[in-house]
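Residue numbers (our numbering), protein chains in the order written: chain A, 1 to 345; chain B, 1 to 475; chain C, 1 to 502; chain D, 1 to 170; chain E, 1 to 102.
Since the hints were derived computationally from the structure, they do not count as laboratory data. Glycine included, every Cβ here is placed at the ideal spot set by N, Cα and C. Please note that the accuracy of each hint is not assured.
What the hints assert, rightly or not - Footprint (simulated), chain C over chain B, 3 or more residues, beta carbon under 8 Å:
# : stretch
1 : 346–353
2 : 376–383
3 : 394–401
4 : 413–425
Claimed, not checked - Listed next, with one range per pair, are the computed distances between beta-carbon atoms:
# : chain 1 : residue 1 : chain 2 : residue 2 : range
5 : B       : ILE10     : C       : VAL38     : 51 to 61 Å
6 : D       : VAL157    : A       : GLN61     : 20 to 30 Å
7 : B       : GLU97     : E       : SER91     : 26 to 36 Å
8 : C       : MET22     : B       : ILE474    : 39 to 49 Å
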Amino acid sequence: MENLIVDLARALTTWLQHLGLSPFWADLVLLVLQWTAIVLIITLNVLILVWLERKVSGFMQQRLGPNRLGPFGCFQTIADTFKLLTKEDIIPSQTDRLIFKTAPMFFIIVSVLLYAVIPMGQDMAVVDLNIGLFYFISVGSLTTIAILMAGWASNNKWSLLGAMRAVAQMISYEIPLAFSLLGVVMITGSLNLSAIVAAQHPFWFIILQPVAFVTYFIAATAELNRGPFDMPEAEQELTAGAYTEYTGMRWALFFLAEYTNLVAVSALAATLFFGGWQGPWLPSWIWIIIKTYLLMLVFMWLKWTLPRIRMDHLMSFSWKVLIPVSLINIVITGVGLEIFKGMRW
Amino acid sequence: MSYELLAPEIAVAALGLLVLAIGLLLPAHSRKAVGYLAVLGLAAVLVLVIANFNREAVFFAGVYQVDKYTNFFRILFLSAALLIFMMSSRYNHLFGERQGEWFSFMLFATLGMMIMVAAGDLITVYVGLELMTISFYVLSAYLFDDRLSAEAGLKYLIIGALSSAVLLFGMSLVYASSATTVFTEISGALGSGPEQPALLAGIVMLIAGLGFKISAVPFHMWTPDIYQGAPTPVTAYLSVASKAAAFSVLVRLFLSAFPGLSFDWHLVLAVLAALTIVIGNLTALPQTNVKRMLAYSSIAQAGYILVGLVAANSYGLKGLLFYALLYVFSNVGAFAVVTAVEVEEGDAELESFSGLSRRAPMLAAVLTICMLSLAGIPPLAGFAGKFYLFAGAIQAGYLWLAFIGLLMSMISVYYYLNVAKAMYIGASRREERLLVPTSVSTALWICLLGTVFLGVYPGPLSGLTELAIAIFSIG
Amino acid sequence: MSDFPILSAALLLPILGALLIMILPPRQESSIRAVAAVSTLASLLLSLGVCFGYDQAKGGMQFVESIPWVRDLGVSYALGVDGISLPLLLLTNLIGFSAVYASWHTEERVKEFFALLLLLISGVMGTFVATDLFIFFLFYEVVVIPIYLLVIMFGSSKRVTKEYAGMKLTIYLLIGSAFLLVGLIALFVKGQALLGFPSMDIGTLAGVDFPVTFQIFIYCLMAFGFGTLLSMFPFHAWSPDGYAGAPTAVSMIHAGVLKKIGGYGLIRIGLLLLPAGARYVAPLIAILALGNVVYAGIICLNQRDLKYIVGYSSVSHMGYVLLGIASVNLISINGAVMMMFAHGVMAALFFAMIGHLYQQSHTRNVGDFGGLAHQMPRLAVGFMLAGLASLGLPGTVNFIGEFTIFVGAFGVYNLLTILAISGIVITAVYILRTLGGVLFGPRRSEWDHLQDLRGVDLVPLLVLGGAILVGGILPFTIMDLINSGVGQLLVQIGPGSVGGIF
Amino acid sequence: MNLDQLVFLAISGFTITAALAVVWSRNIVRSALALILTFLGVALTFFNLGAGFLGLVQILVYAGAVAVLIIFAIMLVMKPDPGTTNPTTPSRDTHYLGGLLAWLVVIGLGLAIGFTTWPSLPAGPVDDDAVGALAQLLLGNYVVAFEAAAILLLLAVVGAIILAKGADKI
Amino acid sequence: MIGLNHYLLLGTALFGIGLYGVFAKRNAIAILMSVELMLNAVNVNFVAINRFVQPAASLGQLFAIFVIVVAAAEVSVGLALIISIYRQRRSVNLDDFNLMKW
C-alpha cells in the first residue's frame, strides 16, 4: 500500500522499455502520464473542494448549503461544471482578444506547474529538484501576471482595478512568504523539499518555527486572494475583480486555478511545517492528503469568519508587520542555530 | 588580512544608513542637522584615509585592493563630497523634507565610487558602478517640482542603463576570453600574442561603456541635458567624482588587466580624447546658460583627463590623477558659485551673472579663477595638470594630440572669459550684495586656495600621484 | 648684497602691493594709488640696483637664485639676469612705474585697476628674470588674463568695442602660446630623453645637442608662438585693435614690454636652445619681418586714429627687431635687443601722451586736432620726443638700435635690408604728418579748455623721455651691457651660417 | 539534427521571436507580455545550460517582479488607445540609424565571436550544488559586492518611493 | 554539437534587438524594456560562458545574479522616474521631453 504508486510507475517504465522504447522516451511518456494524473486529480479535487467550501460556508452561516443533488448535495458541483462548460463563450468587444484568451490558460498552467516539486508521498515528487522550494516560489510568482493579463485585457475598469489591487497585494505578500520559509531552510540547510520533510523526523517544524508558520499562512492567504484578503475581487466594490468579464469555460479555468493554488499552498505548508507525508500507520500519500485538507479547512474557516480588510491596511500590514516579523524570525533562527551548534560542540 | 583597511567603506555605508535613519526620525524643520552629521562623518573618514594612506592590502585573492592608488581616489571622492555638502547648504532647502535622503544618496554614491576604485574584479566594479549610477538617477531627479530635473533623471537613466548593458557585454566577452574576472588573473590568462577578435570586441565595448560614464564623444549626447537639469550640487558631484571614478576604473583595467595587449588601444583612446576635446569645447562656445556651458566644458575636461590614459606612462598617469584632483577643486568651486547665484536668482543663465563682481566680489573672483584653471592658464592648477598630461602624451609620441588639446584649451578661454566679462562689466539686475553663508564661503576658500596652491606649487601633489601610480608597472 | 634675493624681491613687491590693495577697502583710493606707486618705485629702484651691481666684465647669469620646485619635472624656481634680460627688466620697471602715474586719474574701480596692473607688471618682470622654462611660461601666460580684465573693464570703445578688442587680443595670444607650450613640452620631453633626467633649466637644456630636424620643428612652433606675441606679420592683427581698446596703462605696458617678451623669447629660448633650427628658419623670419616693416607702414599711412597709428607703427618697428634676430650675428642681435628697449620707452611715452590727450579731449582722431602746441606745450614736447624717436632720429636711443640692426643685417640679407631701410621713409611720412597735424598749425579755440601735463602727469614724460635721451646720447651705458650678454650667447651657440629653408 | 540542437533551436527561436515582438509591437502591453515570454525563454536557456538556480532566479525576479512592475507602471501611465502606446520614432533617420546600428553590432559581434577560438575546455560535468558554490562566492570573495548590492537595493527602494511620491508630503 | 558560440550568438541577437529598441522606440517604458532585453542577453552570455569555459567555478552565474539584482533596482527606480515625469507632463513619450535642446 505504501509504495503502491511508486511501484506502479516503476512497473510502467519497465514495461515501456520492454516494448522497445529508449530510457529517455520511456521517462518522457511517464512524465506525460504523471502530469495527466496530476491534472485529473486536481480537477477532481476541485470538484470536492467547491462542494466542501459551500458546505463549510453554509455551516458557518448556519444554513444547509447545497443539498439537492445526491447525498448532501455532493453532485451539485458536477452539475455546475456542466452548466459552465455549456454556457456561451462571451468575449466583450474592445478587449484585447489574444490576451483575454491566453490569461486563463496561463494561470492554470502556472498553477499546475507548482505541483512538480511537492512530494506527494515518500519518493513521490514528480521532479525531486534540489532547489524545489525556490522553484515553488519562483513559479508561484508568475500567477500575478495571469491576473494582470486578465484584468487588462477585459477593458473594464473594475477588472483593471481588481488586477492592480491583486498585483500590489501579491507582490507585497510574496516577500514575507519567501522570508518565512527561510527559517525552515536555515534549519535544514537545503532547498530540497524531500530533504526538508526528512529533516522533520522527530519534530515538525511547526514546533521550531511557529512564527514562520503563522507568517506563511497569512501571506499565503493574501497570495491566494482569499478572504479576509480578497480585496482584489471584492464583490461589493468590483463585481469580481479581474474575472468580471469572464464567463463559462474561461471563468471556470480561473476558478479551477484558484483552487489549484489553494491546494498547492496548503500542501507546501503541510510539507514544510507538518512533517509532509510522514505519519504512522497510513501510507505516506494519504497522510499528506489529510494534512492538506485540514489546512484547507482552516483557510475556509478564516475566509468565512473574518471580515474583509481595507486595501491600505492590507498593504501596510504586509510592509509594517509581516515583513519585520519574518525578518526578526530569521535573525532569531540564525542566533538559535548558532547557539544550538555551540551547545552540541 | 587587515580588514580595518576596509573601514572607510564600512564607515561611509554606515554613515549613509545613519543619515537616512536620522533624517526620517527628526522632525521636518530640524532635518538640516543631518547635514552637519554628514559633513563631520565624512571629514572623519577622510582623516582616517589620509592617516592610513601608506597601508596596503589585497583582499579576497585580488578581488578588492586597497593600495595607494585606491587611497588617492578615496581622498578625491571624499573631499569632493565634503566640498559639495558644504557648498550646497542653502540649495538644500529646495529639497524640502527630503534633505536627509539627499545626503544619504550622495553618501551611497560616494560608497559606490570607493568600491569602484578599489575593485580588482569586473563583478565588483560593476556593482560599485551601479551603486553610484543608480544613486545618481535618483539624485538627478531630486527637484520634484522641476520639469528639467525629472527630464534629466529620465535621460540619465536611459543612457546609464544602455551604457551599463554595453559595458556588461564587453565584460562578458573579456570573461569568455580569460575565464576569470579578476584583473590580475586576466592579464595572466590572456598571455601574449595577437588577441582573439572577441576579446577586442569586448575591450571596445568596455571603452564604450565607460566612455558613457566619462561622457567622452561620441557617447556624450545627453550629458549637457543631464547636467543642466540636475540639481546643481548633484551636477557638480556628477562632473567631478563620477567621472574620476570611471577613470580610476579605466586606468586599473587597462594597466592591470590588459597590460600586454598588442592591440593599440592607445590610438583608439587618443582619437576619442581628441574628438572629446574638440567637440566639447566647440559646443561649449555658443552656450548662454552657465550650467550648461560648464557641462560642455566638463566633456572637454574629460577629454583632457583621457589624454593621461592615452599616454599611459609616468607623466600621463600622474597628470591623470593630478588633473582629476585639481578638477575637484576647480569645478566644485565653479559650481559652488553657480549654485549660490542660482539660489539667489533662480536660474543659471548668463544674465544672472551680470555685474556679479559688484554684488559679490568673492564669488566673481572664485568663478573667474576656477574657470581659468579649467582652461589651463598658469599659475593655476589646471596648467600644471595639463603640463603633466601633455608631457606624457608627447613622450608617448602623440604630438598631434597635444597640439589639439592645447589649442582647444586656449579656445576654451573664450567661453570662460565670456562669463568673466558678464561678471565684471555687465549691468546687474539688482544692486544689493549677495551674501553667502559661512559653509559656502569656506568651501569657496578651499577651492580657491586649492586651485591656486596646486598651480603655484604642484610638487607635493605630484609626489602623491607618483606614489599612487607606483602600483602599475609602467616604463 | 649677494645673499639678498634681490630679483625675487623686485618680482614680489608688486604682487605684495596687489595683495595689499585687495585687502584695502575700495573707498581708500588715495592709499591704493600710493601703494601702487610705492611698490613700483621700490621695484624700479631694485632693478636699477641690479643694473649697477651687474658685473659686465664677468658677464653671464648673475644674481642667480634657485629653489627646487617640482622634482619630477625638473622645475626649479630659478631667477637670474644677464646682459639681454637686464635692459628689459629695467624697461619693464621704467614703464610700470610710469604707467601707474599715467593712470593716476582713474576714477572707477580703482582698487581692481591697480591690483590687476601690479599683477601685470609683476608677470612681465617674471618672464625676463626666469631662467627656468616652466617658470618662464608660467609668467608668460599670467599676464594675459589681467590684460583682458583691464581692457574690458577700463578700455574704450571707438572703432571696435573694448570687449571685442580684449577678446581678440587674448585669444590671439593664447593660441600663440598653445603652440609655444607644445614646443616647450616637446623640448622638455626630448631633453629628458637625451639628458636622462628631467630638467627645465634653460642653461642645462642649452647644453643638449638636439637633432636638427627636431630643432627646426620646435623653432617653427616657437616662432609662431613668440611671433604672435611680437605681432609678427601675418599674426599681428590683434595688436592695433588691442591697443585701441586698451586703457592707457595697458597700452603702455603692452606695446612697451609685453611684445618684447616675444623677441626676448626668440633670442633666449629659440636661439640659445635651438641654434640650428633658428638658423635654418631665419630667412623666412626675415622675409616676414620685411612684411611687418612695409605692410604695417603702408597701412599706417591711412590711419586717422592716434592709437592705431602708434599701434601699426609698433608692428612696423617690430619688423626691425625680427630682422635683427633673423640675422643671427653679434651686431644684429645687439641691435635687436637695443631696439626692443628703445621701442619700449618710445611707445610707452607715445601712449602715455595719447592717453592724457584722450582723457582731456575724448577723441583720438588726428583730424580733430590742430595746433595743440599752443595750449599744451609740455604734452607737445612729449609727443615730439616720442615721434622723433620713432623715426629714428640720431640722438634718440632708437637711432642706435635701428642703425646697429641694419649694419648687422646687411651682411646677411643685402636686398631685404635695403628694402627695410626704405621703411624708415614711410615712418617719417606718417609720423611727421601726424605730429604736424596734431601739434602745429593755427590755434583751435575748441581745445582751449585742455589742461597741459602737470604734477604727477609729468612723471611718465620725465622718466621715459629721460630714458630716450640718455640712451641716445650715451649709448654705451646700455650697449656694453647688451653686448656682454649677446656675446656670451653667441659663443655658446657656436658658429654657423644662416639659411637652408629656401 | 540531434536532440540537443533541437532543444537549443526551439528555445532560442522562441526567445528571439518574443524579443522581436517586444520591439515590434505597437501596443505597449503586448510588448510587456512578450517581454515576459522572453524572460521565460532566457530562463529555459539557463535550464538548458544546467543553471537551474539561475533560471529560477530569472523567473522570480524578472518575470515575477520586474515584468509585473513594468506592466503596473504601464497601467498607471496608460493612454486610452492601446494600439498607439508604443510608437516607433517618427524620425525616419533615427529609426534607420537605430536599425543599422543594431545590425552593425550584431554582425560585428557575431563575426568577432565566430572567428574566435575559445579556450578549449571540455564542457565538463555541471556542478550540482550550484547554490552552495554561489553562496561561497557571495559571502567569500565577493562579499563587498554583495553588501554593495544590498545597499543598492535599499537605495532603490527609498529612491523609488521618493520619486514616485514626488513633491507630496510623506 | 551546440557550443559556446551558439549561445553567445543568441546573446548577441538579443542584445541587438534591445539596442534597436532603445533607438527606435519612443515610449520611455519601452526603452526600459529594451534595455532589459540587452541585460538578459548579457546574462545568457555569462551563464553560457560559465558552462562551457569554467564549469567548476560559478563566476558567470554569480555575475548574472548581480546583473539581475541590479537590473531589478534599476527598473524600480526607472519606473518611479517615469511615473513622476508622467505626473508632470501627462506623457511618457521621449519626444515630448525636449525642454532642453538636445
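Violations among the numbered hints, reported as their numbers in ascending order:
1, 6
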